[in-house]
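Undergrad: Fit chain B to the known structure of chain A by using the hints.
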Amino acid sequence: MGELRLMKGNEAVAEAAIRAGCDGYFGYPITPQSEVMEYLMAEKPHERTGMVVLQAESEVASINMLYGGAGTGKMVMTSSSSPGISLMQEGISYMAGAELPALVVNIVRGGPGLGTIQPSQADYFQAVKGGGHGDYKMIVLAPASVQEMCDHTKLGFELAFKYRNPVMILSDGAIGQMMEKVMLFDPIPRRSDEEVIKQNPWAATGKPANREHIIITSLDLDPAGQEKVNLKLQAKYRKMEENEVRYETLGCEDAEYLLVAFGLSARICQKSMDLARAKGIKVGLFRPITLFPFPSRSINELGRKVKGMLVVEMNAGQMIEDVRLSVGCNIKIEHFGRFGGIIPTPDEVVKALETQIIGG
Amino acid sequence: MEEPFVKTEIRKDENIVYKRTCFLVDRPLSYCPGCGHGVVHRMLMETLEEMNIQQQTIGVSPVGCSVLAYDFMNVDMLGAAHGRAPALATAIKRMWPDKFVFTYQGDGDLAAIGTAETIHACNRGENFTIIFINNGIYGMTGGQMAPTTLPGMRSSTSPYGRDVLTMGYPLKITELIAHLPGVNYVTRQAVHTPSHVRKTKKAIRKAFEIQKEKKGITFIEVVSNCNSGWKMTPVQSNKWMEENMFPFYPLGDIKVDGKLVEKKETVEKE
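Listed in order, the protein sequences are those of chains A and B. Taking this note's numbering, the leading residue of the first sequence gets 1, the next gets one more, and so forth. Taking this note's numbering, the leading residue of the second sequence gets 361, the next gets one more, and so forth.
All clues given are correct.
Computed beta-carbon distance windows for the label pairs: (1) Arg371(B) <-> Asn243(A): 53 to 61 Å; (2) Thr593(B) <-> Glu242(A): 53 to 61 Å; (3) Asp373(B) <-> Glu242(A): 53 to 61 Å; (4) Asp386(B) <-> Ile197(A): 22 to 30 Å; (5) Ser296(A) <-> Val385(B): 44 to 52 Å; (6) Asn604(B) <-> Arg238(A): 51 to 59 Å; (7) Asp386(B) <-> Lys232(A): 21 to 29 Å; (8) Leu114(A) <-> Pro594(B): 46 to 54 Å; (9) Pro201(A) <-> Asp523(B): 50 to 58 Å; (10) Ile117(A) <-> Leu536(B): 29 to 37 Å.
Derived DSBU-like pairs: lysine-lysine, alpha-carbon spacing no greater than 35 Å straight-line: (11) Lys623(B) <-> Lys591(B); (12) Lys44(A) <-> Lys574(B); (13) Lys572(B) <-> Lys207(A); (14) Lys207(A) <-> Lys559(B); (15) Lys207(A) <-> Lys561(B).
Sample of chain B residues facing chain A (criterion: CB under 8 Å; computed from the structure): (16) Asn434; (17) Leu438; (18) Arg444.
Simulated from the structure, these hints should not be mistaken for laboratory data. Don't be surprised by glycine CBs; every beta carbon is placed ideally from N, CA and C.
Just chain A, same shape as in the assembly (with noise of 0.2 Å):
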């Protein structure tokens, strides 16, 4: 069962999201995640499972084909990378408001503006608070490994339908570009149109006589109906938070101190624990995989055990407030950071464990 392959991350989306049994790809080229459109134009999808796979005009064309799609009850995706994420904010907005299921990949680049094409975590806040406009969430998930890339593509694509919500895979230009091992699970086919047209009754695939007709909307001129939407919204989000948390922990057993970080972040704290462990520094690692929503008990449960957190993130500080949120102030939370497309040394976390948390 399964294929074991030795691909990049950017791949490995491509080829997951074929066996996912996904219906239409709809990008634009941005550095550093254009392999994913390359990965399905050169496999031609369109005669291995009959998945259309186009290039748009602009991001701002793509995320809105995604929006056609997604409303006609059909499994989409689109990838990109920051500049190309923040020109979609508005579909996605619009995608939250008429609750369409859809896939959205950010292999993010540093900001801000045209930045750099290094790796990079600053669009946490843009994905995890609502980067376009209203009252909405997404769910995020952060893969830290090509597998998860593959895994988390299907994993995505089931969460987008279980709560007509875009999903937004929230990756890097590193994890994007490494090649690692990839356990591909089985392919899945395709739905057929007549499984789409019952499986998502709500969807636009043409009216029979036999009931109203769809209307796929995030409009409501009458506040009171606006604000019934926004209840059912913030009910769904409330649902998430229940039943979709996902994190790991490595080594918190006896852990007096804990590195918090995600994706690649978290791959680095990996070899930082055991460093600082080398060094009789007794310290676990806290991966949370959702980061909306975001696993607050679990990390504030911790809170209570360990002496002091080091947040970890490519950025300046984004999930530290999450963290800090988490935990209260009972204890030192610091966070540490590389950013513009430098990642950080296992060595640089350990010694700002040290002089931040443990010293400090």
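TA: Just chain B now, kept in the frame of chain A:
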């Protein structure tokens, strides 16, 4: 109180010569009295009824006066973000290649904020139909200058008339689109007289027949009045449209069967 004017005794099947198509939802339209939108809605929906393709049709409404078109058109509809209807329609058609797909857009939506989506969908030769209502003004937001506002024409953001030197020229996007190889049929029509209404309906039918054969984009511009935005009575606005809009936006076919129509110098007037 006065009795409503209902002569029930003449309501017999044999007396009915015209009625609302069931493809229009039975509810009051949100358009100003005198506006052309309602007529175009009706022609479009009558065409779908005559072709019997309710279950095969998915429409996209824009942002603008016709933002609520999905409330009136009794087919499955998606409401697009401003200007993005052709992007939605592209994906809908690619996902459901055997459905009929149309967008219904105003001039601000199609020729300003959505220019890129319009041109690229046309250039890819997507197999859907674009209905483009050009009234030279942003109606819903209260009469601001549009990309198609005529030189010298007054609007709330060109209160002394459109000065082309500082505000740019009106965009003849329909002529622009006609030159793209992915486009099969381009025509410019109007709905201010019964004969124009009939021609518009014929054009819509032609567009949907071409769509059935998947021969590329079909594009119907309807030059329409905006009596509220132009600050005129409906009758005045139609006269003004004939005298000012039609010379700049001449009616008639621009591209048929993928070939540009020879330019005629005569301006159609009725």
